[in-house]
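Assembling the complex is the task here: the two chains are given apart, and the hints tell you how they should meet.
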Amino acid sequence: MIATAPSDVTPVWLTDRNTNELVDAELWHGIVDRNLADWEAEWIPDLQRRLKLLNQQKVERRFWPQSRHWDWRDKLREIERRLANLSFAIVAQDMTQAMMTIDLTKRARMPGHDGQHLVYIDFLEAAPWNRNDLAEEPARFGGCGLILINAAIQQSILEGFKGRIGLHSLPQANSFYANACGMTDLGQDATYENLRYFELDPDSARSFIEKGKGE
Amino acid sequence: MSKKTMTLNLTEAEMAVLEELCDKKDLSKTVLLRQALRLYQRVEERLEKGDKLFFEDEASKEKAEIMML
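Line by line, the protein sequences give chains B and F. All the letters of the first sequence, read from the start, carry residue numbers 104 to 318 under the working numbering. All the letters of the second sequence, read from the start, carry residue numbers 23 to 91 under the working numbering.
In isolation and in its complexed conformation, chain F is listed as follows (with noise of 0.2 angstroms):
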């Protein structure tokens, strides 16, 4: 598959926020936003259907709604 590239400006925190997460995943930079870009899409699908997004505490069972604009 052909693949495009570009050039990505970050501010120093979000570099900061972007290589940090890539050692605790242990992905490269590029993958770990391709997988942003991929769970951001889903997100979207789900809200566009009218489906809301929580986060469950597994113990409590209690849930925190993620208000998305």
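So that you can see chain B by itself, here it is in the shape it has in the complex (with noise of 0.2 angstroms):
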């Protein structure tokens, strides 16, 4: 059963891309069933305009969205009664914006920090309408991996993890973990249909929060 209200709620800001101002936001901790149905109701129909514009446009496939297929209901369905997994959402003007599902049972591959424990990013997403690459629509709100990002540092010291997080990163996110994050890139992974995996060590979890990314 999905739960109906989240376990913690954070006050975070979103950057509105059109006035460049910064909008109240709330991270809740938990991704509960309100947030499945925004995802249900108005995520996936607003994908499908979108796909169908790229589609309209003679966009090669290779370039819509690769996390198109992923069906939220169905991973939280999956984790919802294990302690290893922690859901995330972010919500802001009364409607969800990203999401976000995490793995505390993963090791880190890094020289020098493998086989200490880290948080494992398993899925982020944010909504169709808060992303830059679909469909020539510039993004509504700026900001929301970045505060995923945070929340997966933050969890990863409460859990004793020193910050350590990883992933493995679709080719569209790759420059965002890279760039955006300060993650170290560990190549691709055969073992993982050949996506490159990210990691942050403690260093540079710890810069990250010093330079106020994710807010």
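What the hints contain is simulated information worked out from the structure, not anything from laboratory work. Just so it is clear, the structure is predicted and the values come from calculations on it, not from any experiment. Don't be surprised by glycine CBs; every beta carbon is placed ideally from N, CA and C.
Quick partial rundown of chain F residues pointing at chain B, CB under 8 angstroms, derived from the structure:
#, residue
1, Q57
2, L59
3, R60
Okay, derived cross-link-like pairs now, PhoX-like style, lysine-lysine, Cα gap no bigger than 25 angstroms in a straight line:
#, chain 1, residue 1, chain 2, residue 2
4, F, K74, B, K178
5, B, K209, F, K85
6, F, K51, B, K209
7, F, K25, F, K51
8, B, K265, F, K47
9, B, K178, F, K71
10, B, K265, F, K25
11, B, K316, B, K265
12, F, K26, F, K51
13, F, K46, B, K265
14, F, K74, F, K85
15, B, K265, F, K51
16, B, K209, B, K178
17, B, K209, F, K83
18, B, K314, B, K265
19, B, K265, F, K26
20, F, K47, F, K25
21, B, K265, B, K209
22, F, K25, B, K209
23, F, K85, F, K71
Next up, the structure:
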């Protein structure tokens, strides 16, 4: 049974891409039924509309959003009773703007840290209207990705993992994790659909926080 | 999230292993035991589905099944 209320709520701020002004938002600790309703009723139709535009513009499918098959209801159903998994959502203007699930049982691979525990980000996705790469429509809100990465780092610190996080990146997001987040690219992972694997070590996590990213 | 406290009685040998693992993993006893519980739950979930638990030697690809009773 998916929860109906988050276990905790933290105030955060998104950037309105039109006005460049900060917008009040909330980081929900735990994706709840209301977030899945937003995904089903708002994200999916909006994504379908944008895919239709991409198709009409004859954009090759390899340039379409690679997360377009993700089913958040299935993902949540799979982890809902697991102690090893946590989820987060960003809500602003009464609408879910992004979601993330994490796994607390994975180990670091980076030389010097291999074998140490980290927070592994299973899935991270912003609502279609917050993406820059969909059908030439500018993103509505910026900052979703950095807020969720910050949440993963904070959880890592809380768990005693020193801020270490790791993830496999979809190709369209490689530069975001390398450049905006300062994560180390450990190369393609043949055991995971050849996606590139990225990690953030404790020093880089500290630097991320000190720069005030994702606050 | 609210937390509950419990007292855990361990033998000297168990405590020695716990402390050794905490030292190796640079984790507190609480964090390490929470990790153990998470893993135990995950393993149990897979076994209930009929899966088997293996360790694989990366070089030789040799697999050894861990018998769970």
